[in-house]
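In the order they appear, the protein sequences are chains A and B. Heads up: the first sequence at position 279 corresponds to 1224 in the numbering used here, and the numbers run straight through without jumps. Heads up: the second sequence at position 52 corresponds to 997 in the numbering used here, and the numbers run straight through without jumps.
Think of the hints as simulated: they come from the structure by calculation, not from any bench. Some hints here could point you the wrong way.
The list treats identical chains as one, so a pair stands whether inside a single copy or across any two.
[To be verified] Listed next, the in silico SDA-like pairs over lysine to any residue satisfying Cα-Cα at most 25 Å (straight line): (1) LYS1207 with LEU989; (2) LYS1073 with PHE1059; (3) LYS1073 with GLY1211; (4) LYS968 with THR1216; (5) LYS948 with GLY992; (6) LYS968 with ALA1095; (7) LYS968 with GLU1193; (8) LYS1073 with ILE1215; (9) LYS1002 with GLU1072; (10) LYS1207 with SER1021; (11) LYS1073 with GLY1161; (12) LYS1207 with GLU1193; (13) LYS1006 with PHE1059; (14) LYS1073 with ASP1118; (15) LYS968 with GLY1056; (16) LYS1049 with GLU1203; (17) LYS968 with GLU1148; (18) LYS1207 with GLU1122; (19) LYS967 with GLN1223; (20) LYS968 with ASN1030; (21) LYS1207 with MET1176; (22) LYS1073 with ARG1157; (23) LYS1002 with SER1060; (24) LYS1207 with GLY992; (25) LYS1073 with CYS1035.
Here is how the chains run, residue by residue.
There are 2 protein chains.
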Amino acid sequence: MIKRLAIIGVGLIGGSLSLALKKAGVVGEVIGYSRTEHVRQQALNLGIIDIAASSVKQAVKEADVVFLAVPLAAMSSVLTELAGNMSDNCIITDGGSAKGELVKLARSVLGNSFSQFVPGHPIAGTEKSGPDAAFATLYQDHRVVLTPVAETNLAALEKIRSMWQATGAEVFDMDVEHHDVVLAATSHLPHVLAFNLVNMLAERDDCDEVLRYAAGGFRDFSRIASGDAVMWRDICLANSDAILGLLEQYHQGLNQLEQAIKNQDGDTLITVFERAKQARDTRFSED
Amino acid sequence: MIKRLAIIGVGLIGGSLSLALKKAGVVGEVIGYSRTEHVRQQALNLGIIDIAASSVKQAVKEADVVFLAVPLAAMSSVLTELAGNMSDNCIITDGGSAKGELVKLARSVLGNSFSQFVPGHPIAGTEKSGPDAAFATLYQDHRVVLTPVAETNLAALEKIRSMWQATGAEVFDMDVEHHDVVLAATSHLPHVLAFNLVNMLAERDDCDEVLRYAAGGFRDFSRIASGDAVMWRDICLANSDAILGLLEQYHQGLNQLEQAIKNQDGDTLITVFERAKQARDTRFSED
Chain A
946 MIKRLAIIGV GLIGGSLSLA LKKAGVVGEV IGYSRTEHVR QQALNLGIID
996 IAASSVKQAV KEADVVFLAV PLAAMSSVLT ELAGNMSDNC IITDGGSAKG
1046 ELVKLARSVL GNSFSQFVPG HPIAGTEKSG PDAAFATLYQ DHRVVLTPVA
1096 ETNLAALEKI RSMWQATGAE VFDMDVEHHD VVLAATSHLP HVLAFNLVNM
1146 LAERDDCDEV LRYAAGGFRD FSRIASGDAV MWRDICLANS DAILGLLEQY
1196 HQGLNQLEQA IKNQDGDTLI TVFERAKQAR DTRFSED
Chain B
946 MIKRLAIIGV GLIGGSLSLA LKKAGVVGEV IGYSRTEHVR QQALNLGIID
996 IAASSVKQAV KEADVVFLAV PLAAMSSVLT ELAGNMSDNC IITDGGSAKG
1046 ELVKLARSVL GNSFSQFVPG HPIAGTEKSG PDAAFATLYQ DHRVVLTPVA
1096 ETNLAALEKI RSMWQATGAE VFDMDVEHHD VVLAATSHLP HVLAFNLVNM
1146 LAERDDCDEV LRYAAGGFRD FSRIASGDAV MWRDICLANS DAILGLLEQY
1196 HQGLNQLEQA IKNQDGDTLI TVFERAKQAR DTRFSED
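Pulled out of the complex, with its shape left as it was, chain A reads as follows (with noise of 0.2 Å):
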């Protein structure tokens, strides 16, 4: 049971912890903030929250669990802010998609209370934001990870994977090294891909004629090329080091297609394809 909740962002991420936390029944109140006020007031008329808070520093006051919710480059700011105004046993959690920079941030703002840092990222989103995107049912059935490190405070661990174990998803501990390989290359990665292949058509002459022709594959694959710039962005640079390490892989097996498309190597083309089948339909059996 959590007394107070904090949220720091209300949009889709911490809106829809509140709701499947309420829904539960294991919150007492949940206080918000978002540095906009008109985000704020949203947030509270869709009962995301019962108290809208004018400052970081109001909202985690009397809160026994806060919850970042911001884009990692907000983060610096907001655990300096909150860092020598929350309470002694106050435990604090995030949703953010890297780990390694953001532990290391904490470890250095946060000193003492470092301990009571539970650094987490719930798999969970859809390409909407805000808090009218928020839903309760966001993280069922989906999992979430916690990369606790050894300064970790192991009861601070189990309120959290309690808490997220409230809102339906399950949960698992990662390294934090491995957690930003892992979702590197099934998250980051793939953005990546798929941001440069939609620009590349958007610097065409001929954009629209061409995009008219897309069909359904199009669509799936690109779909992810509608997420947030600014997040999307700030997971790039916060994750650079894995997501680097993957890109020369990928440029590397890019180039062995493309030799094998010049040399008419069709066989090549045979064992790539389908091994990435393979192991697609293995994973994925119910598509």
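Based on these hints, arrange chain B on the given structure of chain A.
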């Protein structure tokens, strides 16, 4: 009205055309040929064809329209076999995803009958294949591109246009070269990109674990990597020039993003991501 339609290759594409024309009541009878007897029998049992032919020759002999729905690599032998065996006014059309190489091939194989060949490409499909994947509404509200050349007989072109319109498709005419670039950009290149990513993940020792954390975005992005490997090999080999040209551009774009990530240059990332997002949101507003 088509008296006898011959379908060479009674899978998803050929089978769905037959079902759509039967439903529209614009075809007398449908004779079908596939290389394997099992598939022919299946197509008969499903009511996709009325007569199963045991050879291309038998299938086309008394047909007034022949639809070629075999993989691109099989087109050469099929065209050669039908060349000497079709009746004088028989019209030939096809469903191949790349037109340049096929038009060259047809011109050399069909001789005087080349004017009766209407190159076509229904832009529709699913990741499934075979007669049991066929359904009557596959082409409904989809685009079909016809790529007539200088020699193409106009009456033949109009007959094939009417045929596709009867399936509920919108029919457009396009230059062969333009078609091949447009399709490379919106279909062939995306498939190469998706196959390459999934293959790269499949080669990892921790592939299963990595894919366990893949969310909906990855699932959509990688869906096209479930496509038929042989079909996509054929398309890559047949449309190599257009695909290689776009791959070159794609590499350049990716290099630019790579540099931006390396240099922590958020402005470049935002510019690219925003342009991509805007192009996609504008074109696919209903997503």
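Results for each hint:
no., hint, in the structure
1, LYS1207 with LEU989, "neither (59 Å within a copy, 41 Å between copies)"
2, LYS1073 with PHE1059, "neither (32 Å within a copy, 52 Å between copies)"
3, LYS1073 with GLY1211, "between (41 Å within a copy, 22 Å between copies)"
4, LYS968 with THR1216, "neither (49 Å within a copy, 40 Å between copies)"
5, LYS948 with GLY992, "within (17 Å within a copy, 65 Å between copies)"
6, LYS968 with ALA1095, "neither (33 Å within a copy, 67 Å between copies)"
7, LYS968 with GLU1193, "neither (45 Å within a copy, 51 Å between copies)"
8, LYS1073 with ILE1215, "between (37 Å within a copy, 18 Å between copies)"
9, LYS1002 with GLU1072, "neither (30 Å within a copy, 53 Å between copies)"
10, LYS1207 with SER1021, "between (49 Å within a copy, 21 Å between copies)"
11, LYS1073 with GLY1161, "both (20 Å within a copy, 13 Å between copies)"
12, LYS1207 with GLU1193, "both (21 Å within a copy, 12 Å between copies)"
13, LYS1006 with PHE1059, "within (17 Å within a copy, 81 Å between copies)"
14, LYS1073 with ASP1118, "neither (27 Å within a copy, 37 Å between copies)"
15, LYS968 with GLY1056, "neither (35 Å within a copy, 73 Å between copies)"
16, LYS1049 with GLU1203, "between (40 Å within a copy, 23 Å between copies)"
17, LYS968 with GLU1148, "neither (46 Å within a copy, 42 Å between copies)"
18, LYS1207 with GLU1122, "between (38 Å within a copy, 18 Å between copies)"
19, LYS967 with GLN1223, "neither (42 Å within a copy, 35 Å between copies)"
20, LYS968 with ASN1030, "neither (29 Å within a copy, 71 Å between copies)"
21, LYS1207 with MET1176, "between (38 Å within a copy, 17 Å between copies)"
22, LYS1073 with ARG1157, "both (24 Å within a copy, 23 Å between copies)"
23, LYS1002 with SER1060, "within (20 Å within a copy, 78 Å between copies)"
24, LYS1207 with GLY992, "neither (59 Å within a copy, 42 Å between copies)"
25, LYS1073 with CYS1035, "neither (31 Å within a copy, 53 Å between copies)"
Of the hints listed earlier, those the structure fails to meet are numbers 1, 2, 4, 6, 7, 9, 14, 15, 17, 19, 20, 24, 25, in rising order.
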